[in-house]
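Chain B: place on chain A using the hints.
Protein sequences appear in the order of chains A and B. Residue 193 in UniProt numbering is what sits at position 193 of the first sequence, and the numbering runs on without skipping anything. Residue 63 in UniProt numbering is what sits at position 63 of the second sequence, and the numbering runs on without skipping anything.
Because the hints were derived from the structure by calculation, they are not lab data. Predicted, not measured: the structure shown is a model, and the values here were computed from it. No incorrect hints appear here.
Below, a list of computed lysine to aspartate or glutamate pairs in the EDC-like style, where the Cα atoms sit at most 16 angstroms apart: (1) A:Lys-199 / A:Asp-209; (2) B:Lys-139 / B:Glu-166; (3) A:Lys-57 / B:Glu-90; (4) B:Lys-174 / B:Glu-201; (5) B:Lys-139 / B:Glu-161; (6) B:Lys-42 / A:Asp-79; (7) A:Lys-199 / B:Glu-32; (8) A:Lys-104 / B:Asp-58; (9) A:Lys-60 / B:Glu-161; (10) B:Lys-80 / B:Glu-97; (11) A:Lys-60 / B:Asp-95; (12) A:Lys-107 / B:Asp-58; (13) A:Lys-107 / B:Asp-49; (14) A:Lys-104 / B:Asp-49; (15) B:Lys-94 / A:Glu-66; (16) A:Lys-60 / B:Glu-90; (17) B:Lys-38 / B:Glu-70; (18) A:Lys-185 / B:Asp-58; (19) B:Lys-94 / A:Glu-59; (20) B:Lys-139 / B:Glu-211.
Chain by chain, the residues:
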Amino acid sequence: MPNFNLFPLVSPAVPHGSRLISLQVVAQRMKSVGNIQKITAAMKMVAASRLKGAQTKMEKSRGLVEPMVRLLGDQPGVDAERTLLVPVSSDKGLCGGINSTVVKYSKVVAGLSGAQVPLLTIIGEKARGQLSKAYAETLTGAIVDLSKVPLTFATASLVSDTILNQGAGKHQIVYNRFQSVISFKPTVATVYSSGEYEKAAESGMNNFDAYELEGPERSEFLLDLSEFNMGVVVYNALLENSTSELGSRMQSMENSTKNAKDMLGKLTLLYNRTRQASITTELIEIISGASALEG
Amino acid sequence: MALRQAMRRLGALSSQTSTAARAFTTSAPRLEATEAQKESIKSFMDAFDQNKPIPTMDLPSTPSNFMSPEREVPATPPEKMTLNFYMPHEIQFKDAEVDQVMIPATSGDFGVLPGHVPTVAQLRPGVVSVQLNSSETQKYFVSSGFAFVHANSVTDIMAVEAIPLEQLDDAAVKKGLADFNNKLVNAKDDYEKAAAQIGIEVCGAMNHALEGK
Numbered sequence: 001m002p003n004f005n006l007f008p009l010v011s012p013a014v015p016h017g018s019r020l021i022s023l024q025v026v027a028q029r030m031k032s033v034g035n036i037q038k039i040t041a042a043m044k045m046v047a048a049s050r051l052k053g054a055q056t057k058m059e060k061s062r063g064l065v066e067p068m069v070r071l072l073g074d075q076p077g078v079d080a081e082r083t084l085l086v087p088v089s090s091d092k093g094l095c096g097g098i099n100s101t102v103v104k105y106s107k108v109v110a111g112l113s114g115a116q117v118p119l120l121t122i123i124g125e126k127a128r129g130q131l132s133k134a135y136a137e138t139l140t141g142a143i144v145d146l147s148k149v150p151l152t153f154a155t156a157s158l159v160s161d162t163i164l165n166q167g168a169g170k171h172q173i174v175y176n177r178f179q180s181v182i183s184f185k186p187t188v189a190t191v192y193s194s195g196e197y198e199k200a201a202e203s204g205m206n207n208f209d210a211y212e213l214e215g216p217e218r219s220e221f222l223l224d225l226s227e228f229n230m231g232v233v234v235y236n237a238l239l240e241n242s243t244s245e246l247g248s249r250m251q252s253m254e255n256s257t258k259n260a261k262d263m264l265g266k267l268t269l270l271y272n273r274t275r276q277a278s279i280t281t282e283l284i285e286i287i288s289g290a291s292a293l294e295g
Numbered sequence: 001m002a003l004r005q006a007m008r009r010l011g012a013l014s015s016q017t018s019t020a021a022r023a024f025t026t027s028a029p030r031l032e033a034t035e036a037q038k039e040s041i042k043s044f045m046d047a048f049d050q051n052k053p054i055p056t057m058d059l060p061s062t063p064s065n066f067m068s069p070e071r072e073v074p075a076t077p078p079e080k081m082t083l084n085f086y087m088p089h090e091i092q093f094k095d096a097e098v099d100q101v102m103i104p105a106t107s108g109d110f111g112v113l114p115g116h117v118p119t120v121a122q123l124r125p126g127v128v129s130v131q132l133n134s135s136e137t138q139k140y141f142v143s144s145g146f147a148f149v150h151a152n153s154v155t156d157i158m159a160v161e162a163i164p165l166e167q168l169d170d171a172a173v174k175k176g177l178a179d180f181n182n183k184l185v186n187a188k189d190d191y192e193k194a195a196a197q198i199g200i201e202v203c204g205a206m207n208h209a210l211e212g213k
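Next comes chain A alone, as it looks inside the complex:
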């Protein structure tokens, strides 16, 4: 790698007034920065156009979550025998800090269940890359490439089945909740197994026993309900996270485009200045040579 000197005018090493090789280097860099700018601008446009649809879909998925939380409660602090942590991340990068946020928060939540390290089922390539080494012993699996086809409730049910099959009593799902295009809230959703919900219902920790039952008896009802609840939470978390991903990508690509534009402006200025300086120097040489001949 040659040592590019972007500021030949102030460099003492370069003889004054010579046409510089670095001018070619600057021209090359201008071209590559220009290309990068085009790519980031295109990525921003793609993210922006997908965001609207994703946001509508995500907002509709929020409906199911609220009644579930009302009935079963939101109790992240209750301990169960085994905890399963599910960090939700994206498969692709270049989307700002949302994946590292999920990883950071997951690490803290993983430290909360005492001496016992929680089981881990990772969703998304990015969190897998960052967490699978640190939690290799309790890692039960990773689910990736969910974003390749539009998410359906059936897919989310398959994912939640995989999660429930690990047999944990408490499941904590860490994801970015979409607030607006520029703000995402790291959120921890807690889903218990039906057994834990039954205990909570008996001790009055949730409202379940205030309701009459239409359907199978309580333990079977709660089994079905907790499975449905997991499907609902996973479906919403996946949509929230992918919407946040698009918003965050839009934002970060806009910044990159702006940075590339600034850089291109600076390089263009440098290029033109250097070119003009050398032309001026050459002109002076010619004129002074001519006037010496005349005199």
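For chain B alone, kept in the frame of chain A given last:
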């Protein structure tokens, strides 16, 4: 049907007379559960606060942060009940004021009027009929799901799939029923058998709903 509604209304009336007792019994565990939730979130946040690697890190949110405030339980049932009808991919009704809703539970159909006792129901494939006002009724065929009837006359219906009854195709339903019957006969293992039985149940319910339209 009319008799059944009358029974429901009578039931609602009798529950009205004992409002004070009911309000006490339903609100006491409610309050306790709210307290338990608050405590649980607080202990989680405290533990998080102690464990976080950098002091400037914000605390995470939990789903209850984003919920709309719950309505009070009124002393007397309101004129109209509030219906929320959710699907994963669609919100059919949100805070809609309606007269009555018929819900197909696994243990039988039941109607919900304002002031209905708090109930949680598991749905079977069947027709949810929403009586918007005295002249207008909308019917939806739901595949499965749950319904929560709350003490504050709010009803949440959560269906995996629901479509307006008039969009069901009679011929396709009959064909589906015949297909699944065939599959049940030719089923090789328990899984195929169970899948065919579910198909028959859903198609049969659709067929029944279309006949009763």
